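Build out the structure end to end from the sequences listed, making use of the hints.
Chain by chain, the residues run as shown.
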Amino acid sequence: MKYVPVLFGLAIFLILPVVVDSYFLTILISIFYYAYLSSCWNILGGYAGQLSLGHAAFFGIGAYTSSLLFMKWQITPWLGMWVGALLATVFALFMGSLSFRFGLRGFYFVLITWAFAELLRLITLSLDVLGGPTGIYISVHTSPWQFQFSGRGPYYYIILGLTIFILIISHKLEASKPGFYFKAIRENELAAEGSGVATARYKLLALALSAFLTALGGTFYAQYLKYIDPETTLGVSLSIEIMIRALVGGSGTPFGPLIGSFILTPLSELSRTYFTKGGLEGLPLIIYGAVLIFIVLFLPQGVATWMKEKIAGYKNR
Amino acid sequence: MTSLLLQAIASGFLMGGVYGLMATGLTLIFGVMKVVNLAHGEMMMLGMAISYWLFTLAGIDPYLSIPVSIFLLFLLGFFIQRFLINPILHASEHMQILVTLGVSLILANSALLLWGPNIRSVTTSYSLETLWIGEIVLDLPRVVAFLFALFFTFLLYLLLKKTELGKAIRASADNPEAALLVGIEVNRIYPISFGIGAACVGASGSLIIPFYDLTPHVGPPFTMVAFTIIILGGMGSLSGALIGGLLVGVAESVGAILLSSSLKSVASTTLLVLVLLFKPRGLFGK
Numbered sequence: 035m036k037y038v039p040v041l042f043g044l045a046i047f048l049i050l051p052v053v054v055d056s057y058f059l060t061i062l063i064s065i066f067y068y069a070y071l072s073s074c075w076n077i078l079g080g081y082a083g084q085l086s087l088g089h090a091a092f093f094g095i096g097a098y099t100s101s102l103l104f105m106k107w108q109i110t111p112w113l114g115m116w117v118g119a120l121l122a123t124v125f126a127l128f129m130g131s132l133s134f135r136f137g138l139r140g141f142y143f144v145l146i147t148w149a150f151a152e153l154l155r156l157i158t159l160s161l162d163v164l165g166g167p168t169g170i171y172i173s174v175h176t177s178p179w180q181f182q183f184s185g186r187g188p189y190y191y192i193i194l195g196l197t198i199f200i201l202i203i204s205h206k207l208e209a210s211k212p213g214f215y216f217k218a219i220r221e222n223e224l225a226a227e228g229s230g231v232a233t234a235r236y237k238l239l240a241l242a243l244s245a246f247l248t249a250l251g252g253t254f255y256a257q258y259l260k261y262i263d264p265e266t267t268l269g270v271s272l273s274i275e276i277m278i279r280a281l282v283g284g285s286g287t288p289f290g291p292l293i294g295s296f297i298l299t300p301l302s303e304l305s306r307t308y309f310t311k312g313g314l315e316g317l318p319l320i321i322y323g324a325v326l327i328f329i330v331l332f333l334p335q336g337v338a339t340w341m342k343e344k345i346a347g348y349k350n351r
Numbered sequence: 002m003t004s005l006l007l008q009a010i011a012s013g014f015l016m017g018g019v020y021g022l023m024a025t026g027l028t029l030i031f032g033v034m035k036v037v038n039l040a041h042g043e044m045m046m047l048g049m050a051i052s053y054w055l056f057t058l059a060g061i062d063p064y065l066s067i068p069v070s071i072f073l074l075f076l077l078g079f080f081i082q083r084f085l086i087n088p089i090l091h092a093s094e095h096m097q098i099l100v101t102l103g104v105s106l107i108l109a110n111s112a113l114l115l116w117g118p119n120i121r122s123v124t125t126s127y128s129l130e131t132l133w134i135g136e137i138v139l140d141l142p143r144v145v146a147f148l149f150a151l152f153f154t155f156l157l158y159l160l161l162k163k164t165e166l167g168k169a170i171r172a173s174a175d176n177p178e179a180a181l182l183v184g185i186e187v188n189r190i191y192p193i194s195f196g197i198g199a200a201c202v203g204a205s206g207s208l209i210i211p212f213y214d215l216t217p218h219v220g221p222p223f224t225m226v227a228f229t230i231i232i233l234g235g236m237g238s239l240s241g242a243l244i245g246g247l248l249v250g251v252a253e254s255v256g257a258i259l260l261s262s263s264l265k266s267v268a269s270t271t272l273l274v275l276v277l278l279f280k281p282r283g284l285f286g287k
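Protein chains in written order, with the working numbering: chain G, 35 to 351; chain A, 2 to 287.
Just so you know, these hints were derived from the structure itself, not from any lab. All figures in this text were calculated on a predicted structure; none of them were measured in a lab. Backbone N, C-alpha and C define an ideal beta-carbon position, used for all residues, glycine too. Some hints here could point you the wrong way.
[Unchecked claim] What the simulated footprint calls covered on chain G by chain A, stretch by stretch (three residues with Cβ under 8 Å from a Cβ of chain A suffice, anywhere in the stretch; the number is not a length):
(1) 128 to 136
(2) 335 to 344
[As the list claims (entries may be wrong)] List of simulated lysine-lysine pairs, DSS-like, C-alpha gap at most 30 Å:
(3) G:K217 / A:K35
(4) G:K217 / G:K349
(5) G:K260 / G:K106
(6) G:K217 / A:K280
(7) A:K168 / A:K35
(8) A:K280 / A:K162
[As the list claims (entries may be wrong)] Quick look at which bits of chain G chain A covers, simulated, 3 or more residues with Cβ under 8 Å:
(9) 151 to 161
(10) 270 to 283
Have a look at this one:
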């Protein structure tokens, strides 16, 4: 019985592409795409409490690796995506073992993730082998074997599948040993260490898992838009986009990032469509800034937790 | 090569003075309230913008608009602390970071919204004047900026060491509870301290506008540099901020001649990574 609403929701989202028009489908893809990325961030930033402002790095490694393999050696992105994910994991482990070894936590960790992502962006900008500032155009070979489809439907089902996949992972994490360790680290790292949790190892695990999954999203993005450049795939604004959805929805909850994406993504898509044409290009991010401040001041636990409390209060009456 | 190196060291040193003033503002905010201000670079951008617009619209020399920058940024800092930071002063560090991140998004993108993405610069009659010291050429605006920055840092030092307000600020930084007990209204000191910190970075912005291009997104690199400096100098240490500023200024400009120009910003970002990894408690820290 518990799963009836979930299955019902799932059925609706499976049928939706058949009935909606292409603009609406584009927005739906965006919603699930950001929900997926934000859920990846949530493993590290939400459950393990290690705030990262550098997730664009993992995303960019995924997008660039599969695209370069495809453009230079015609290796299908279906394979390239795993190579990218592995590279992102290696990079994350490198970054993480350095920073955890030197005891960087809290705001120092925020800074170092930001700095590492910036380094990748700057290096990509200056290397012509990686496309430099112009980026990479991915040539069109519409064929499912090359991760390219005609129409948006297949992309929708792929990103929906990825989102369901990460929701299941998050759900499993909630009641698993690593999940409990992550939360213990988030709440009080010293106490966790004192109770015998190998904090450094579990922080690395959260980081590696998060990076691996984020990179898969990078490949999806590259194949979906067929164009990547350093600014949009490695810039700090992407890291903020990823982070803010989890925070708004409720970080450290399985459905928080999804709820956050359902609130913010349509907002940003619509404002992009309507404001950018009118020359109001800064507006979406101004709204983001305001939402971020509002959430921290008034709903610090996020919308998901707030809704849960409301529903619980309603039932108890 | 030696003269090129000397040249780089000299101009880096001059920029370092301004960095010092900018970082002093950040370290003051951190030292007093333990708040990490991620909007620091955007405040620098605002300081630049205030002087730019006063020059462009009213023909006011950038050096004359410094007081305006100081005043407006003081107000901005005061109100940010009063209404956004104060309610969550005792909440987790993450939340303060997120609020200042929100402020930085609002400031940078308001600038983008109001005057577009174009690169803007101020050209004054003295913009291209230079001073020769032996073989080294120094741009006059950079020399003036350096001297002004040292002067303001000195003024701030006097304010903190010699005045009642300064004593109250230092007491609130050292031990808020004890400060409360001896009758200092800590909750009124905090917004003032944030305002002073913001005023420092506002003045820095006005000082560099004669030789530094303004864009809405000029902020984040400054934020990065400012954090590098205060971590290097020790979080909360005023003298550390000045010394760190000079060091980072020189390191950045020497790094820039060793690397190709497209990799110039790589130097300062790498510096931040190295400082975080090897000197997170600062050069003089335990």
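Hints versus structure:
no.	hint	in the structure
1	128 to 136	holds (count 3)
2	335 to 344	violated (count 0)
3	G:K217 / A:K35	25 Å, holds
4	G:K217 / G:K349	28 Å, holds
5	G:K260 / G:K106	15 Å, holds
6	G:K217 / A:K280	29 Å, holds
7	A:K168 / A:K35	18 Å, holds
8	A:K280 / A:K162	28 Å, holds
9	151 to 161	holds (count 6)
10	270 to 283	holds (count 3)
Of the numbered hints given earlier, the model fails hint 2 alone.
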